[in-house]
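Novice: First to last, the sequence lines map onto chains A and B. Residue numbers for the first sequence follow the numbering used here, beginning at 300 and rising by one. Residue numbers for the second sequence follow the numbering used here, beginning at 72 and rising by one.
Hints should not be assumed to be uniformly reliable.
[As the list claims (entries may be wrong)] Partial chain B-side listing against chain A, Cβ under 8 Å, derived:
| # | residue |
| --- | --- |
| 1 | D93 |
| 2 | K94 |
| 3 | S177 |
| 4 | A180 |
| 5 | D279 |
| 6 | N286 |
| 7 | R288 |
| 8 | S289 |
| 9 | D291 |
FYI, nobody ran anything at the bench for these hints, they're computed from the structure. Here the structure is a predicted model, which means the values were calculated and not measured. We put the beta carbon where it would ideally sit given N, CA and C, even for glycine.
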Amino acid sequence: MTKYLLTRLRQSLITLFLVSVVVFAGIRALPGDPALALAGEERSPAALAAVRQSYGLNDNIVVQYGRYIGHALTGDLGTSSRTGLPVADAICAALPVTLELSALALLLAVVVGIGAGVVAAVRRGKPAEWFANAIALLGLSIPTFWLGMVLVLGFAIALPVFAASGYVSFGTDPLDNLRRMVLPAIVLGSGLAAVVMRQTRAAMLDSLSADYVRTARAKGLSRREVIGGHALRNSLVTVVTVLGLQLGHLISGAVVTEQIFVLPGFGKLTIDAVFTRDYATLQGVVLCTSAAYILINLLVDVLYSVIDPRIRLGGAK
Amino acid sequence: MTDTRPVRDGGTLTVALNADPDKLDPSLAQTLVGRTVFSSMCEKLYDIDQRGTVVPQLASALPEVSKDGLTVTVQVRPGLKFSDGTHLDAPAVVTSLLRHRDLPGSARATELAPLKSVAATGPYTVELKLKQPYTPLTGVLADRSGMVMSPAALKKYGKNFTNHPSCVGPFKFVERVGGDRIVLEKDPEYYDADQVHLDKVVYKPIPDGSIRLANLRSGDIQVGDQMAPVDVRSSLTESKLQLFNSPSLGYQGIGLNVGNVNGTGEKPGKIDSPLARDVRVREAFELSIDRDLLNKVVFQGMYEPACGPISPESAIAPGVPAAQCPKRDVAKAERLLKEAGVKTPVRIEFKVSTSPESSRVGQVVQAMAKEAGFDVVLRPMEYATLLEETDAGHYDAFTSGWSGRLDPDGNIASFLKTQGAMNAYGLSDPKIDQLIADGRTAADPAQRTKIYGELSQRVADAHALIYLYRQKNYIVATKSVSGIKVYGDGLVRVKTAGYTR
Chain A
300 MTKYLLTRLR QSLITLFLVS VVVFAGIRAL PGDPALALAG EERSPAALAA
350 VRQSYGLNDN IVVQYGRYIG HALTGDLGTS SRTGLPVADA ICAALPVTLE
400 LSALALLLAV VVGIGAGVVA AVRRGKPAEW FANAIALLGL SIPTFWLGMV
450 LVLGFAIALP VFAASGYVSF GTDPLDNLRR MVLPAIVLGS GLAAVVMRQT
500 RAAMLDSLSA DYVRTARAKG LSRREVIGGH ALRNSLVTVV TVLGLQLGHL
550 ISGAVVTEQI FVLPGFGKLT IDAVFTRDYA TLQGVVLCTS AAYILINLLV
600 DVLYSVIDPR IRLGGAK
Chain B
72 MTDTRPVRDG GTLTVALNAD PDKLDPSLAQ TLVGRTVFSS MCEKLYDIDQ
122 RGTVVPQLAS ALPEVSKDGL TVTVQVRPGL KFSDGTHLDA PAVVTSLLRH
172 RDLPGSARAT ELAPLKSVAA TGPYTVELKL KQPYTPLTGV LADRSGMVMS
222 PAALKKYGKN FTNHPSCVGP FKFVERVGGD RIVLEKDPEY YDADQVHLDK
272 VVYKPIPDGS IRLANLRSGD IQVGDQMAPV DVRSSLTESK LQLFNSPSLG
322 YQGIGLNVGN VNGTGEKPGK IDSPLARDVR VREAFELSID RDLLNKVVFQ
372 GMYEPACGPI SPESAIAPGV PAAQCPKRDV AKAERLLKEA GVKTPVRIEF
422 KVSTSPESSR VGQVVQAMAK EAGFDVVLRP MEYATLLEET DAGHYDAFTS
472 GWSGRLDPDG NIASFLKTQG AMNAYGLSDP KIDQLIADGR TAADPAQRTK
522 IYGELSQRVA DAHALIYLYR QKNYIVATKS VSGIKVYGDG LVRVKTAGYT
572 R
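Using the sequences and the accompanying hints, generate a full structural model.
Specialist: This is the structure in structure tokens:
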């Protein structure tokens, strides 16, 4: 197990390094001069030159990369060319927002998706399955932006139960936090819930017709034990794999959701950075997101063995 | 526009901006939304009033200009304190003006370039020496160049002043969370604190207009800045909301490449395209466009058609009213193209930004120009890329706009002077250059009006920048708030704002 972890960790670090190179080069390949993006409508040549100078944009790209990585290793991700605020601060401020949003969306997707998937499989051919399938189809088809606006119109304006925008940390005011996070979590989680539901349903149908389930039934186990203890547990391996793969979508989906609900998370930070050619912020955000993504993949792999001990990790006997 | 219903003390006002401001440093700041935030925390030597006239703010009177126009004396109001508690005096004004002029990367450097030296000649008297007479100076000092920063804070924070701005204003800086909010609170040291009712003002960037509107409806924000006509229309049906508007001093139009071969600000050259070669082709293109129709179709008739660099609302040398703009004349356009001997349809690549409004302007222009013999090909591009392409001279036509300045010079000089810093058109006309210089040095308002009238005509005849319309500043606020002021510079002033009793 330790050896496996170390190998995976080394692979992860190499991936992260490659990501940093690609991001660094990629951002610079974008058309649009950052100095111009920054200057906007007022752009005197002297001011533009000073901006390029102060952000080291005149240097060779390799020199720029070396300087960047050198600073990044010490935890200094540079300062935003637009606001002058340290990028690390911006990321630290945005991180909890996106993490909370993703966690809530994930929770929603898992609870609703697995629940509906099990019901649909167990109640095969009954109205419950038809209903669950219809809802899942809706969840997959409705565009995030539209669903967001409809929920705001319905539950923040017509029936003011939730807030239309903004973020208050859970620590400051838990109730207000939830009031602001429920709608975004629904918007972000709906698509994932639908995917989870479909996967759970399919896996459960497989499991329910498998020999071990028939044996369990023959042994006289209760319906709950058969479904929960045997069929569902085996189905979860597929579901966890899908969840792991979908987490990337969750993070990218957060970009749109955060725009709709004006949540100061990673997605919003990224979009703003792209449009203002704020290299430092963009690099910091992509690097952190990649690190998180790599870490999640690692965790998913480890989780496999916990859920199903039959899956052996490389090197283990 | 103002709203004068009585208000109570206390409360937090949340203002939604259409973009996240850039640096909160008056020397480096470059965005319009940033000016709105400054209006609450950084007062200027001069300001404008409801009618667009310059009035003293931190100065105690309008500047005195010597007969030769080379010495300007500014009297500063005594007894003012910065938000960090230190005193504002003449040396502080000197420090700020020199920083605005000399700081590397200063966005104020160009407009303060005519400033030779600044000195404090008394505790509250500042003397400015100029290289040449420069009438736009008062207008310039009524904008960010006139903001006075606390020398103590400048010394303490240096480059990091942007994260700890300290000026004189009704509110003082508390915190900024990038992309999320800028929080200001009432400054008890402020000289006019009796007029200030709110405890806090929070500025939130919400770029999407429909989301700004949804938040106004839900009550999460109280003021929505720079609302688009389509959102204004739908907000009018809402009984809880009120609308403020002011005409803008800026303009929007189409820039044509008539000589930009080496990049903006560089020496213009010859371009071998029908548009650049022959002014008659450019005139025909302009004549193919119906400004009124464009305004109706794209902006629901809520903006103002325009055909010159100076707004008719400008207090200094007003420009041409919309009614006097040339009308669409397809027959004449076709005749001109024939005279010019060009092969029709004349192909024009028109670079537009990716905003929905810009794209629709492009489509309407495309349809109208087609009838006169032009084949307009639209090239939508994201704003930063558009700037790079047009500054480099890689274009035939592009959407060119400017948010506007108080003094006409600020809307003309950089754009139309030969090798001007923002002359992306490559326009070069000695007569225009001369008129710009004359307008800067003339002190008599009547004479300036005459000069700028002549200049506008000359610019119109060059057809290098086709002025199309002026945006209006639409601000939507909830009715529970009063005391908001919106003037011609488009800034939302919340100094006297508060919740109604």
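Novice: None of the hints should be skipped; say for each whether it holds.
Specialist: Verification of the hints:
Interface hint status for D93 of chain B: upheld, as the beta-carbon distance to the closest one in chain A is roughly 5 Å, under 8 Å. Contact between K94 of chain B and chain A, as hinted, is supported at the beta carbon level, the nearest pair being about 5 Å apart and thus within 8 Å. Checking S177 of chain B against chain A: minimum C-beta separation of about 7 Å stays under 8 Å; hint holds. Interface restraint check: A180 of chain B against chain A, minimum CB-CB distance 6 Å, threshold 8 Å, status holds.
Annotation: D279 of chain B was flagged as interfacial toward chain A, and the flag holds, the nearest CB pair being 7 Å apart, inside 8 Å. Here the hint on N286 of chain B is kept, as its CB sits about 5 Å from the closest CB of chain A, short of 8 Å. With a least beta-carbon distance of about 5 Å to chain A, the hint placing R288 of chain B at the interface is held under the 8 Å criterion. With a least beta-carbon distance of about 4 Å to chain A, the hint placing S289 of chain B at the interface is held under the 8 Å criterion.
Because the beta carbon of D291 of chain B sits about 5 Å from the nearest beta carbon in chain A, less than 8 Å, this interface hint is met.
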